[in-house]
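Enquirer: Which chain is which? The protein sequence lines are A and B, in order. When we follow the working numbering, the leftmost residue of the first sequence carries the number 1, and every step to the right adds one. When we follow the working numbering, the leftmost residue of the second sequence carries the number 1, and every step to the right adds one.
Honestly, I wouldn't trust all of these hints.
The list treats identical chains as one, so a pair stands whether inside a single copy or across any two.
[What the hints assert, rightly or not] Below, computed lysine-lysine pairings styled on BS3-like, alpha-carbon distance capped at 30 Å:
| hint | residue 1 | residue 2 |
| --- | --- | --- |
| 1 | K320 | K122 |
| 2 | K183 | K118 |
| 3 | K201 | K78 |
| 4 | K147 | K205 |
| 5 | K181 | K86 |
| 6 | K122 | K58 |
| 7 | K205 | K86 |
| 8 | K341 | K201 |
| 9 | K86 | K201 |
| 10 | K205 | K78 |
| 11 | K286 | K110 |
| 12 | K320 | K181 |
| 13 | K306 | K118 |
| 14 | K183 | K122 |
Hints are computed from structural coordinates only; laboratory data are not their basis. Here the structure is a predicted model, which is why all the values come from computation and not from measurement.
So you can see what is in the structure, the chains are spelled out below.
2 protein chains.
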Amino acid sequence: MDLNIAVLAGDGIGPEVTQQAIKTLNAIGEVYNHNFTFKDAVVGAAAIDQTGDPLPEKTLKVCLETDAVLFGAIGDPKYDNDPSAKVRPEQGLLKLRKSLGLFTNIRPIKAYPTLIDKSPLKEDRINGTDLTIYRELTGGIYFGEKKLNEEGTVASDLCEYSDFEIERIAHLAFKAARARKKKLTLVDKANVLETSRLWRKVVTKIGESYPDITLDFLFVDNAAMQMILNPNQFDVILTENMFGDIISDEGSVIGGSIGLLASASVGEDHSMFEPIHGSFPQAKGKDIANPIASILSAAMLLEHFKLYEEAKAIHNAVEKALELKVVTTDLDPSSKYTTTKVGDFIADYIANSE
Amino acid sequence: MDLNIAVLAGDGIGPEVTQQAIKTLNAIGEVYNHNFTFKDAVVGAAAIDQTGDPLPEKTLKVCLETDAVLFGAIGDPKYDNDPSAKVRPEQGLLKLRKSLGLFTNIRPIKAYPTLIDKSPLKEDRINGTDLTIYRELTGGIYFGEKKLNEEGTVASDLCEYSDFEIERIAHLAFKAARARKKKLTLVDKANVLETSRLWRKVVTKIGESYPDITLDFLFVDNAAMQMILNPNQFDVILTENMFGDIISDEGSVIGGSIGLLASASVGEDHSMFEPIHGSFPQAKGKDIANPIASILSAAMLLEHFKLYEEAKAIHNAVEKALELKVVTTDLDPSSKYTTTKVGDFIADYIANSE
Ligand SMILES: [Mg+2]
Ligand SMILES: [Mg+2]
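Next comes chain A alone, as it looks inside the complex:
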């Protein structure tokens, strides 16, 4: 397969971890005979420094013309800590999602046996957890009309959803469940919210076309409990934007390390893959950042293009690295492995395990 990939490495540790993801993809390309071409473009604080714009037109054009975007991280204290800053790195990310029509955020959460001692949950709760969250990303209360009266005493936010916004992500979630454990849980608050009742109606209707998938429903407050009590019960979770924000961040800590979590944002025509961690400016250039989340985001990219065997090869290599403790110091304080060395190990393992 030929894939043109835009690389938006961004700020802080973004470039150094993304480099390991590229290294990994190159190893996959070698072994499985794919032709991956990478095209760099600037974004975030780096882009503000160069052009004054966190998402320059040229970068957007690269993203629109390539098959997928591999994203690093953005954010720099120079802008984040300056309340008078008019342009912020994060605006680049929001504009990019919008411009590419990325309406679904996918967040897999997995308990790695070697990391269970780092989880805040007891072993019997987290053991075997392997779920994925499909969060609607461009609608709901975050994007609804905002009002503040002139006196500044009454404020409001509107949460709005249309059936087509629910349908398109629901199909993606049902299909994901079909390739996994065949269970889909819709998280809503249908006992109180009109938008949730619409979600339930639309998702139930679509579910009729996926008779092999078990569909169930959970109120968001109950979901917040179940994520801690028994995360094992979940396969695919489907939910609206704000509930997804809360539940996926809650879920991100149960595995024991956010340095291992990747996410994908997908739409009809475009897709973007990134680690969930931030730009961690304090570690920039020190070759100490954990590259695994970025490497796993590359695996999600491969899955998106149905290269399942290739994605599995990355997962196997990552699990081997964890097992042999070829990890950065966030996972093992006594480790001697750098960002680069972890990337080398994973790429070599892929290249040589055939």
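Given the structure of chain A, go ahead and fit chain B with the ligands onto it with the hints provided.
Expert: Here is chain B with the ligands on its own, set in the frame of chain A:
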């Protein structure tokens, strides 16, 4: 002190656990020379059976005329599992909160050393946790305008807040922090929501009148993570209605048993105290339900009337019961103690420990 207390024991296990709370309050009255008078009234499924209304006028009148309401639990499968039921027990609770103007829900969360093995969190995370959540209860998106277009394809919910709704609960929360560890955390989503920005502005302003209280802010998605990672960091959490629903339910499972959690709902003129658990119809009349949450709700009632020493006496008795394993089978499967016996122990301990 003379206190007239309305007793709305409700459905399922409501009556039997509430009976233990009354027993406990009577012991307190004896020891500390208070005059507690109890007035029974029907609510929930029991009220529907008798009058067709889950909150009969007569019950509301009793609540309005007494100093506080001691509430049990409501809900009965007869109504809950019948989709055609027009009158539901829960409507009684919502109407009661509204009629009494109960705009603040208070939910303490505490890790009991004897129950840490039941917590889904590891001991080092949960050890020493003692926080309380102040949740706004009558505003926000649960009560805002709901719309569905004629075709049933577009739905919306409005989240609205006025400054006075925030001010009145903020004062209660700051005062609570003053009597505790002097820290208040506002949970919001001020980077996205206009209502959250209003909350932040109003609470910051009110904070100037409480210079002894440390005020900090947390986005709700981050709060959902921190509640698991390090619940110890919290003292008083203040938040709007829906965020409070999610965060307090999440928090309710970290201690290891919801059979120990009580809540208070308070307004300007009225107040209501109840266990957070439901009516548990399967256990009705079997004398096996855990009465401690109901008993602790009686302690919250005493605290509300500034009877701190008396409330402390209940807490001490509960802790002694846990320590000596004078508990129901939900906490110790081999236990021989019934609901009544646990109540007896706690009342006796109060009566005799002076
Ligand atoms: Mg978030
Ligand atoms: Mg709830």
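Enquirer: Between the shortest in-copy and the shortest cross-copy C-alpha distance, which are at most 30 Å for K183 and K118: within, between, both, or neither?
Expert: Both: 28 Å inside a copy, 28 Å across copies.
Enquirer: Cα distance capped at 30 Å. Does K86 pair with K201 within a copy, between copies, both, or neither?
Expert: Answer is between: at 21 Å across copies they meet the 30 Å cutoff, but 42 Å inside does not.
Enquirer: At 30 Å max between alpha carbons, let me know whether K201 reaches K78 within a copy, between copies, both or neither.
Expert: between (47 Å within a copy, 25 Å between copies)
Enquirer: My question is about K306 and K118: at a cut-off of 30 Å on alpha-carbon distance, are they close within one copy, between copies, both, or neither?
Expert: Neither: 32 Å inside a chain and 43 Å across chains, both beyond 30 Å.
Enquirer: With 30 Å as the alpha-carbon cut-off, assign the pair K183 and K122 to within, between, both or neither.
Expert: Classified as both: same-chain Cα gap 24 Å, cross-chain 29 Å, threshold 30 Å.
Enquirer: Evaluate K320 and K122 at a C-alpha cut-off of 30 Å and name the case that applies: within, between, both or neither.
Expert: Both: 23 Å inside a copy, 27 Å across copies.
Enquirer: First find the shortest C-alpha distance between K320 and K181 inside one copy, then the shortest across copies, and answer within, between, both or neither for a cut-off of 30 Å.
Expert: Within. Shortest intra-copy distance 24 Å satisfies the 30 Å Cα cut-off; inter-copy 46 Å does not.
Enquirer: Could you place K147 and K205 in one of the four classes (within, between, both, neither) given a Cα distance threshold of 30 Å?
Expert: between (34 Å within a copy, 21 Å between copies)
Enquirer: Regarding K122 and K58, is the shortest C-alpha distance of 30 Å or less found within a copy, between copies, in both, or in neither?
Expert: neither (48 Å within a copy, 49 Å between copies)
Enquirer: Classify it for me, K341 with K201: is the Cα-Cα distance of at most 30 Å met within a copy, between copies, both or neither?
Expert: neither (50 Å within a copy, 48 Å between copies)
Enquirer: Should K205 paired with K78 be assigned to within, between, both, or neither, using CA atoms and 30 Å as the limit?
Expert: For K205 and K78, the Cα distance is within 30 Å only across copies (28 Å; inside one copy 49 Å).
Enquirer: For the identical chains here, do K181 and K86 meet the 30 Å Cα criterion within one copy, between copies, both, or neither?
Expert: neither (46 Å within a copy, 38 Å between copies)
Checked against the numbered hints above, the structure breaks hints 5, 6, 8, 13 and satisfies the rest.
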